[in-house]
Structures are given as C-alpha cells and as structure tokens.
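Use these hints to put chain A onto chain G, whose structure you have.
Number of protein chains: 2
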Amino acid sequence: MINIAIMGFGVVGSGVAETITLNAKAFAERTEGLELNVKYILDLREFPGHPLADRVVHEITPILEDEAVTIVVETMGGTNPAYDFSKKALLAGKSVVTSNKEVVAKHGAELQAIAREKGVSYLFEASVGGGIPIIRPMWQCLASNQIKSVTGILNGTCNYILTKMEKDKEDFETALKQSQELGYAERNPAADVEGMDTCRKISILSSLAYGKTVSTEDVICEGITKITYDDLVFARENGYSIKLLGRASKEDDGKVYVITAPFLVPKENALSTVNDVYNGISVVGNVVGDVLFCGRGAGSLPTASAVMADVLDVVRDCKKSIGWKDEKADFLGDMTCFATSNYIRTKAEENTIKTVFGAVNVSNRNGWNVFITEQIKNCELLTKLEKLSAEWVRIRVMQ
Amino acid sequence: MINIAIMGFGVVGSGVAETITLNAKAFAERTEGLELNVKYILDLREFPGHPLADRVVHEITPILEDEAVTIVVETMGGTNPAYDFSKKALLAGKSVVTSNKEVVAKHGAELQAIAREKGVSYLFEASVGGGIPIIRPMWQCLASNQIKSVTGILNGTCNYILTKMEKDKEDFETALKQSQELGYAERNPAADVEGMDTCRKISILSSLAYGKTVSTEDVICEGITKITYDDLVFARENGYSIKLLGRASKEDDGKVYVITAPFLVPKENALSTVNDVYNGISVVGNVVGDVLFCGRGAGSLPTASAVMADVLDVVRDCKKSIGWKDEKADFLGDMTCFATSNYIRTKAEENTIKTVFGAVNVSNRNGWNVFITEQIKNCELLTKLEKLSAEWVRIRVMQ
Chain G
1 MINIAIMGFG VVGSGVAETI TLNAKAFAER TEGLELNVKY ILDLREFPGH PLADRVVHEI
61 TPILEDEAVT IVVETMGGTN PAYDFSKKAL LAGKSVVTSN KEVVAKHGAE LQAIAREKGV
121 SYLFEASVGG GIPIIRPMWQ CLASNQIKSV TGILNGTCNY ILTKMEKDKE DFETALKQSQ
181 ELGYAERNPA ADVEGMDTCR KISILSSLAY GKTVSTEDVI CEGITKITYD DLVFARENGY
241 SIKLLGRASK EDDGKVYVIT APFLVPKENA LSTVNDVYNG ISVVGNVVGD VLFCGRGAGS
301 LPTASAVMAD VLDVVRDCKK SIGWKDEKAD FLGDMTCFAT SNYIRTKAEE NTIKTVFGAV
361 NVSNRNGWNV FITEQIKNCE LLTKLEKLSA EWVRIRVMQ
Chain A
1 MINIAIMGFG VVGSGVAETI TLNAKAFAER TEGLELNVKY ILDLREFPGH PLADRVVHEI
61 TPILEDEAVT IVVETMGGTN PAYDFSKKAL LAGKSVVTSN KEVVAKHGAE LQAIAREKGV
121 SYLFEASVGG GIPIIRPMWQ CLASNQIKSV TGILNGTCNY ILTKMEKDKE DFETALKQSQ
181 ELGYAERNPA ADVEGMDTCR KISILSSLAY GKTVSTEDVI CEGITKITYD DLVFARENGY
241 SIKLLGRASK EDDGKVYVIT APFLVPKENA LSTVNDVYNG ISVVGNVVGD VLFCGRGAGS
301 LPTASAVMAD VLDVVRDCKK SIGWKDEKAD FLGDMTCFAT SNYIRTKAEE NTIKTVFGAV
361 NVSNRNGWNV FITEQIKNCE LLTKLEKLSA EWVRIRVMQ
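One line per chain: the protein sequences are G and A, in this order.
According to the numbering used here, the residues represented by the first sequence are 1 to 399, in order.
According to the numbering used here, the residues represented by the second sequence are 1 to 399, in order.
Worth flagging that the hints you see were computed from the coordinates, not collected in a lab.
Just so you know, these numbers come straight off a predicted model, no measurement behind them.
Accuracy of the hints is not assured; some may be wrong.
Copies of one chain are not kept apart here, so a pair can be met inside one copy or by any two copies together.
[Stated by the list, open to error] With a Cα cut of at most 35 Å, we get these calculated DSBU-like pairs of lysine-lysine:
(1) Lys25 - Lys87
(2) Lys354 - Lys106
(3) Lys384 - Lys226
(4) Lys148 - Lys267
(5) Lys118 - Lys255
(6) Lys226 - Lys118
The shape of chain G in the complex, shown without the other chains (with noise of 0.2 Å):
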C-alpha cells in the first residue's frame, strides 16, 4: 500500500482524492496491484460529514513523521506555507507532487535539487496545462530536440473571457462580472487578468526549455484589460484572434525571449483556434518541427489527473530528476526592444498618425483611430507611441 498525504484540501486537492476513489482499479492495474491509500490530509478547516474526514490533519508534523508516507501532494497555493512544508516533506525523504505554479516558478530549481540529493522526487506536471500532459512530453518526448520557441495559452480563464466577449458583443468589465458569477473568474481576478498567473506558467516552461531560472521579475508582463469588443472585431476582419500568450522564442542571436502579453494571432496558426476554458500549447522542437497540447488548463479534476500521473511515476519508483538548474538564466535578451509588428488603437488624429508612422492604413472605429505598424522595435515603437501626445493601446501581432 502506497501511503499519501494531501497538503491543502480545496479544489485540486479534493478532486485528488476523487481520482483515487475514482479510477482505483485503472490505478491499480498500473502499479501491478498496489493500493493507494489517502493517509493524511493536511487543512486548517474540517471536512464534518466527508468520507475522510477522519484524515484530516492541522499540522504538517505527524506527516513529516510518519514513515509510512512516501508521497506528499501539494495542493496548497500561494509560497506561503506550501514552499516551506514541501522543502520539510522532500528533506524529510518523502516525494513531493504539486499543482502550485507559484512554488515552482520561484523555488522549483531549489527544491529539485533537494529532491535529487535525497532521492526523491519533485514533480509538477500539473503546474502548468491543468491537465494537459506538458511538462513530461517536453521534457521527454522533446528531450532529442532543441527548442525554438514554447508559445501557450496558458489561463483558462482569460481564454474564457475573450471568447466571451467576441461571441457575446460585450466589453471587458461584463464579461469578466459574468464569468465570476459563473465561477470562472475569482473574485479577486488581477492574478489572471492582468498576466501574473501567465508569467508564472511561462517561467516554468521556458526553465525547463532553457535550463536555468527564468524568474517572473525577469519576463515582461502585460495582462487582457485594456482589450474591448472592437479590438476583437478589427482582428477578426483582418484575419487574427487576440489571445493572451506566455512566449518564449530562441531568436537568431543566440538569446531567448520571454514575454507574457496578448496578441494578435493569426487565423493559420492553430493556436487562434483554442477557445473558452481550453489551454493549447504549441511547442517547437528543432527535430520534431511543431506540435500542439490541447486541454482544460484547470479545473479540480483535469488537474487532479496530472497530480495523479506524477504520483503513479513516484509509485512506479522511477526515479526522475526532471528540472533545470538552481542558477539564473543568463540567456535572456532584452525584450524592451524586441522587434514585433503591432495593433494600435489611439485617440490621434489620422495626420499626426501618418506624421509619426509613415504610410499607415487607419481606419476609424467608435471614435478611435486603429492601424498595424510595421516590424518595429519596442523601444523604438515606445518612443513614437509618445509622439502622438494621445491615449493609446497597443497589441502586439504574432508572426
């Protein structure tokens, strides 16, 4: 028997031990015979009334002491206690599988490492994706490949929201109340609208593409707020899908560049093509060429079932050290003055818009002036940005 204890019992964690009850012949018929068992679960609140109500721990000690416990299940959130009981549980020789993209983006280097020194493991397939099997395809399946660029749409909600909006004529702000009232949103939203939760996810993939710490401080982070219904209609006339991106390109210099922003992406590009809650995916390898991952980017069960995969890797005792080195990135280049095509939408009038940019195609829409730059510098495109001495927004065009 295979004794599991569950840190944080909410969502993911909840959904973990469903999967356990769940699916435990499929289970078992994958670890020729061995039983899982839910031994601990660790939560400040009691769960009156639940089957396991009986597990339910408030400290992490009598877990940590117990030898009998051979995997923890971080399903906390937040740094804060869940990077400090996950270092406790790997020094304590236990295997420790997460869901939290925030541990893993700041000290997932540092805890592999512990990991790998006591001969356990430290795994967060379901970090990132939900449930789209993404962190070992890369890591394996893509491990004979260089990597050239991982590109992701990698919050659900953000997906949901823009596809809300574009299919229901609305603005920002009421597709975002709805989605809270429907539960796709939380209530406090910033962490998903504004990027963070994107920036955390493509800090991760583009550590394990690269090989060191790409830290969040490190990648430009601009989130969907500014985007209105009419953003979504002139792309759509002009053969683009605007999605919120977690970018990481290798360019020709040698360096990479990381970026969480929207953009512009072509109708071609299969990636305009993930909708509502779905996360897609796209990585390309120098030998595979370009491959798509498509699924629910969260939700209890998607992304218990990549908890569950990571666990049944503990359980099959193969011993993985998937990961990056605990060093900062040094291959980073400047992303304040990568070159893109952009969208912009101004309050400026057509004639200091073709003053500043040159022969540009402007068309009007409720009062605002929209038009496609060509490839230009950020920097660059920053400063004529300035010279229009008005409102503006922009988003940038994916190639």
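Same frame as chain G, now just chain A:
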C-alpha cells in the same frame, strides 16, 4: 558510452542517426553526460560516402553477439524480418525501440512480454503520430483516467490529399497523383488511402487504452478513395470537414467500438482544423476531460524525435513496461450494428430516397442526390441503402 544499433537505414533510421549528431549536446545534458554511439547500422545496402558507412553490417549476428550494444532501434518497416530481429534482440537482453506500427499492432503484446521477462524495454512511441508524444502521455499522464475515447487523424498522406482536394478543387485521383509527385504519397499508396495504416495505429492506441490486443482484423477499415470534391463542399457548407479517422470509444454498454473510416467532423471539433500532413489525436478521459495532441505525423526527423525520446528513457534506466496484456480483446462491441448519422450520396431519385428514408432533406449535386440520415444502426442503414437499387456512397457523421 551507450552503443546503439540501427536496423533499417531508410527515412526514419537515417533521421535517427542525424538527430544523434545534431543534438548530441542537448542529449548529453539530459543523460548526465552519457554519449551515444551508433555502433552498427543493419541494412542490405551499402552507403558509400556516408559518415557512418563503416558501421554498416548486413547480418544481425554481430549486433546480437556484441554485449556492448544495449539499445537496438528498429526502423525497418514491414512485419518480417523486423519482428524476428526484434524478438532476437530482446531475447539477447537488449532494449528495442521501434517506429514499426505493423510489428507493434501485430506482435506488440508478445514483444512487450519478452521485454518484461528479460528486464529490458520494448518502446514504440514512434509507431503512432510520428513526432507527437502520444503513447507515453496516454500511458503515463492519463494513467489515472478511464479512457472514454481515442480519435485520431493518424495518416498524414490522407489528410494532405483531403486538404488538397478541397483547397485546389480537385478530385481524389488528381490530388493523389500530385501528392505522389511531391513525395507526400508513396508510389503504392494503398496502405494509406485504403485506411490500413490508420487501422494499425488505432489498433495500437485502443490496445493501449483498453489493455488487451485489438487486432486489425477486428477493426472495420474504410479508406478515402470514394470521396469526391463535391462531398467536401457539401461538408463545408453544412459545417463539417471530412477526415479519415481512427476511432475507439467505450460506449454505455461497456463495449469498445473501434473503426477506421472517413467521417464528417463538425467544425466545432478541434480535429476538423487539423489540416495538411498534420496528425491530431483527441483523447477523452473520465478525469482529464478532452485533450488534443497535434503535430507532424510522419517524416524523417519528427519520427526520429519520438524514437530518441524512447532511447533516452532506456538510457536513463527508467524501466518501463508500457503496453497491454498478451490476450485477445474480449471487450469489443459489434461495429457492424453501431449507430451513427450518415451522409449519403446516391444516384437514386428523390422519390425513392424519401420512400426508403422518410422526410430527409435531399439536394442535387452534379447528378448525385445527397442527404444526411438520422442516427441509424449500420446494419439497418445497409438494408435501406440496398432498397435504393442505385449506386451510393456513405460517409459517417461524427457526433
């Protein structure tokens, strides 16, 4: 140093050698510095001038007898002697990594069992979906799921032909001929366009998903040779794409239904957007929901990428027994009576059609009457079609 033998130095085998050279550094990083060495290439031909020409042997004996060789890559294609050689290599205590779907579909379970017995691996990621990671994600990441269905566009040649027919307004024969000239279709295209290649791949995926050997003989297999440009236009105008699918689904009666056939795929289904030589595989699990994997399903380097992922697994001594029981599937439902909606194109007159099928919506295209039936069991449909006493073509509609 890890010594590898490559059996079969064709498109895939030479791609494997090229990948080992191209990404030696990335590979070493993931194997703690171990170097890969192609010690033997087994092929009937010589390759004068090739950098690895001195590794070529024409018999398997030196490979079997050389204890330094721990991994044999089988990229020969065809059942024999590939099956025989793979068996001998496994019995000699070497791990075998293969891209050979014929051998895996037919003898996979037996070879997996020998590998388990010998404490080595028999891995076959490259046998389905080219470079797309699918075997391992299905096995590992979706391990905690009960698989409801696996549906795939598994043959890049057919998908290319269907895409080209629609784009260039061509009939099947013209598109096939041009695909052959471009090297996208083989000179003898039967295995592709008659569906057998897809059939082998869905056999492998359904064996893996449901745990016992689903043999190709048990799978209904229809190809794309009867599809016309008009069929594609009708499909598009009614919100569908036509795709050759391999599909296995577990239905409410607990039985698994497996088929290879062209389907009208609704535009809302992501598979409908997978075009050209791309493959797409949708997996629905009871926990994860639906997950989609897309990428290049064939080609030298993409397939080599999948082979190398398996090689890496062996190198890292990650003992794997991916596979299924060496027993005949006892869970298959009777596909001949499976109910679907259907697109029918027939020379029968509208009156006859309405007498037989009731109030269906018939339209005429270039001398053919076309309509879509209600959900109807296949056996009942065939009885009705016979009553038309006229030529007909049927394409199933995917739900």
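Let me make sure I understand: some of the numbered hints might not hold for this structure. Which ones are they, in numerical order? 2 and 6
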